[in-house]
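K.L.:
The residues making up each chain are set out below.
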Amino acid sequence: MTTPLSGQDVARQIGEHLPDAVTDFDETAVFVKGEALLEVARFLKENPELGFDYLAAITAVDFFEHFEVIYHLTSIKYNHSIVLKTRCYTRESPTLPSVVSLWRGADLQERDIYDLMGVAFEGHPNLKRIFLWEGFQGHPLRKDYQSAT
Amino acid sequence: MPLKTEPVMINFGPQHPSTHGVFRMRITFDGEVIVDMEPIFGYLHRGIEKLAESRTYTQNIPYTDRLDYLASMSNNLAYVMAVENLAGIAVPERAEYLRVIMAELMRIASHLMAVGALLNDMGAFFTPFMYMFREREKILDLFEMVCGQRLTYNYMRIGGVSQDIPEEFLPALKRFIDEMLGFIDEYDQLLAENEILLARSKGVGILPAELAINASVSGPMLRASGVKWDIRRADPYSVYDRFDFEIPTGKMGDTYDRYWVRIQEMRQSTRVVKQAMEQLPQGEVRAKVPLTLRPPKGEAYARIEAPKGELGFYLVSDDSANPYRFKVRAPSLINLTVLRDLCLGWKLADAIVIFGSIDICLGEVDR
Amino acid sequence: METGIAISFWILAAVTIASALAVVLFRNIFHAALFLVLCFFTIAGIFVILSADFLAAAQVLIYVGAIAVLIIFAIMLTRETQRGSPSGRLRLPALMVGLLFLATMVFIVVSTDWQVITEIPDQPTTSAIAQALFSGEEGFVLPFEIAAALLLAAIIGAIVLVRER
Amino acid sequence: MVVGLEHFLILSAILFSIGLYGALAKRNAVVILMSIEIMLNAVNISMVAFWRYIAPALMTGQVFVIFIMVVAAAEVAVGLAIIIAIYRSRETVDAEQIDLMKW
Amino acid sequence: MGILEQFEQWLVNYWPSWAAYLVPPLVAFAILSTFILVVVMAFIYIERRGIGRFQVRLGPNRAGPFGVLQPVADAIKVLIKEDIIPAKGDRWVHWLAPIIAFIPALMIFAVIPFGHGAIFADLNIGILYIIAISSLGIIGVFMAGWGSNNKYSLVSAMRTVAQMISYEIPLVLSIIGVLIITGSLSMVSIVEGQHVPFLLLQPLGFLIFFLAAAAEINRTPFDLLEAESEIVAGYHIEYSGMKFGLFYLGEYTHAFAISAIVAILFLGGWSGPFLPPALWFLIKVFSVFIVLFWLRSTLPRLRVDQLMGFAWKCLFPLALINIFITGIEAIIWPNFPWQLLILNILIAALLIVLWSGFFRVAGERVSFERYGRGIAKGLALTFRHLFRHPITVQYPEQRLTPSRRFRGNLLVWDVERCNGCRACARMCPISIIDIETARGDKGLVVERLEIDFGRCMFCGLCVEACPVEALFMSRDYEKASYRRELLVMKKEQFVAAEKRPSAYAYPELEAEMPPQTLLAPPKGGR
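Chains as they are written, first to last, in the numbering used here: chain Z, 1 to 149; chain G, 150 to 516; chain V, 517 to 681; chain U, 682 to 784; chain H, 785 to 1310.
Bear in mind the hints are in silico, worked out from the structure with no lab data behind them.
A hint or two may mislead.
Derived lysine-lysine pairs resembling BS3-like cross-links, with alpha carbons at most 27 Å apart [what the hints assert, rightly or not]:
hint, chain 1, residue 1, chain 2, residue 2
1, H, LYS1274, H, LYS1263
2, Z, LYS143, G, LYS446
3, H, LYS1161, G, LYS400
Produce the complete structure using the sequences and hints provided.
P.N.:
The following block contains the structure:
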């Protein structure tokens, strides 16, 4: 059974190493500041007891006043999982550090989010639109997207 | 003085006999060897995630058929489980068993399609493809008997399945299961030790285990690289913990192992279906769920072991009848991150075979 | 029978000379190479008229099958087709030398009277050639071995020259 | 009009002179090689003509043609190898530009 | 004295001598070429039906009785198709290539003896003539690749030429083994010299010749030419119409020629106990061709470098050793007694086992050292499939009854039961049902109902949502039309339509439905 770790003690472990990274937590997820995302991710991956070596999915949700980017991480060695969430409040061009350097699997998923949701990931090797053609204006999955018709 | 040849760039266009759908690769050659390769997506992008946000939870079920159109039952199963997590609905026992039978039959049909197409790319003139399609037809007959359609089933509902199985379904399924093991042995006899197949696939496109995990590859590709990770065993959903079946894993992670893992998985799936058939309880098949369900505010992520890999649905609900966010974790798209690493240094003929062994479905890649 | 051979000789001779001229005069090299193939083929025809059947088959096999293909491969690899085959400043002197040579040869051929034997040797030549080549004392066994060594040297030389370091 | 030895000899002389002209006048090395091939073939024709009209019993004429073919094949192989090697380093097969032994 | 000479003797006392000399070969050529084309048509037909049978399907059976006229239909189609010449391509070279690729395949038949005297020209350098002519095809391939001015076709032309050249050498060397035994080049003497078919006396020679010949005519497992998964259609991409027809015909004529040569060299030409010689010859030719396409239907394709490696590292040395061994045998037992075949087969087996040890793929020895057992098992399986019942359904004549719950591409609407509640219109994911209701005497009456079947995806949700069971899925699946607006069904059409509801979402209807025809009906079931 993949045991989901409780958000609280993961937040506590992160808090010991990176004091001001964690902003909030609930029973399954840990909320982290946007800037500290890369260090937290590195900590979660390299830490021997946690060992989150498998990035299952990255999702972006548009809550009008903020974007929420959710990372589902799993550890194949210990068979446990955690959900890492960040929020960015700017609406024009929200940017987050890219985690491609840690998990190669994030490459296409981040390009997917950049293309459809408009959240840029700096540090990504070739951040280009993945489904829509280069000259496409706007990001369709945003709630306030007005299609051309 | 080296022979001056400038690299040739060939467009493996969206319209090509061996790109399993509208998938395009821009390959740069030096002589015959591949120097650079860049996949281009988006030719089948229908924007299912945006469409789903303006439809109720039940109306989205037919849309999930169109994601990985070669394994529609698994898509239905994943989506419906996500909604049940979201709304906290309990599913009756008989429906769980029926879902397992349908999902495993779908896995066999999808693997038959994958291995048949792979052999076709290798040049076997449609013969293995025809044999495997004969078995796939039998499975489609069974599905048609249960839900009326052969490709887009729309069989599963939130809280169970749409209808119970007719009484002539079980004898037909029993006949199919008994014959299937014989047919799989036939494929092995035709292909497993075929010297030309070995020469074309052994050691071609090796995917090391840690690169596979790092690139979040899932499904037969991950297990072919030797990583024993199958969600049916690691995180058993519905009633999978009541069946015993092994998880076949390869040794080197090359094209031959990927082929071998898929053949073994077909055998294991027939074992699961046989056990599920014996333990099938009686009872009704569908919990009382209003057609326009309004799940409480919140989010849920459900994932299953689809034939192509870990298929996950992430739903966010805001008390209305339509999902606020409908995200599909498509295994085919993420498995493609390693396509470039596997193909570099090999020849065009190998790139086609490696691409065939990854087995993607464009409906799921471009959503 | 006699007139049949005469007719076919004149046709083949005309085609051979025309294709040889084409090889020399055409600017597009690939067309020149194809005419070379035609020239070899018609020369094989001439061997048939001279009832040297083994040589005709050997000519087709060696020249058309191997040498022409080799030349076409060379043309493909050097990609010189745009500039074709221009003729250099030596055009006129070369023409003079050619015509001079032709004149002397024709004069010699016409003036000497050859003791010609007219009846047609019709028995197959394969066994006769083999006999001549490999028979004990007056055979050509030594030149045959030397030819083999020559071919080996040529192959190894060609490979060493063209191998990519 | 019976076909005699003179016809074949004149034919081979014409072919030889065409080949000679081609070899001397052309600048492209591959065409020079082709012309040499035509000259060798011209000699072949005259050899076989002599065998047919002068000494059908003795097979020396035909044996010589076989040896000429062997030499011609070897010569083409080595000649083309040289041409390709030159082309690779000097980017040209123009006979007039290849005039240095060492560059 | 062949038939031709007798025909000439008989003709001389009617016509002038030059006519009697010229006419018989022309007549013989006409008869021969029509015979060849007919047999090639038969080959095309047999291959397509045969491969169908290997793949448990029927193969073409529409054109003419049992599909016998299918090759004729193909020929007519190819003749009608427009002939496209690529713009910047080399016009003459492009136009000439198919002719040069086809003519050699036809010329080979000049020396092939179909019966005792039935040979067009009994040259005493028969087999040497065949090898010389078959090397002509290479020029045709080159011209096709060069003339089409297309990247794919040039690459494939160079690959094919390299393959043909490197397989020509083992082809020629394996024939020398046979010639040592017969002592003469002429085909007729080869056939007469075969008191024991050379297949047994020269097993290694036969294997090498068969594989090299398969590569020479680009058949699987060496069919690099039309590797559709790689370079789409090889060098004849830019050809259409009759020029492509010539290539296609040339390929099969070459296959017929190669099968004929194999039959003559190794299976004893026309010699055979009871049947007339010509019939024996045809039986042997057809059996060789069946083996050729049996291989084609079972084996995957070799990669370019493996192909070349196989020719130079495996076939070439084995052919040399074969000549060496046959030479020694010729010295020790000059008249080649039949007991020699046991020795030869043993030597052949030993050589194959030793030689396959050389093959190493990606660090792990390919299991060639189990001497091709995998390929043999594959061939055995496809052979067993010959006797299985094909599963093809002849659609218009033979119709399968769909399942009782079949969701056909039409809806069945019941006017009386419908109370105009529009639940179905709300439930449809793509909202293609629009209903207008008016106040009738006992509740709402449907004024206008329009369902656009051009966009409907037959998900069946509307049928489930209908509270009064007025809407059913239908069981027929052939609704189609050329104009989109005809697909929109109006209320009158629903009322007038002949009601064939399916039991989807209505289990009680299942009782009187016909059972579904299954590909594998349950044991004892229908």
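K.L.:
Confirm or reject each hint.
P.N.:
Results of checking the hints against the structure:
1. H/LYS1274 / H/LYS1263: holds (15 Å)
2. Z/LYS143 / G/LYS446: holds (18 Å)
3. H/LYS1161 / G/LYS400: Since the Cα atoms of H/LYS1161 and G/LYS400 sit roughly 25 Å apart, the hinted pair holds (cutoff 27 Å).
Every hint, counting from the list given before, is met by this structure.
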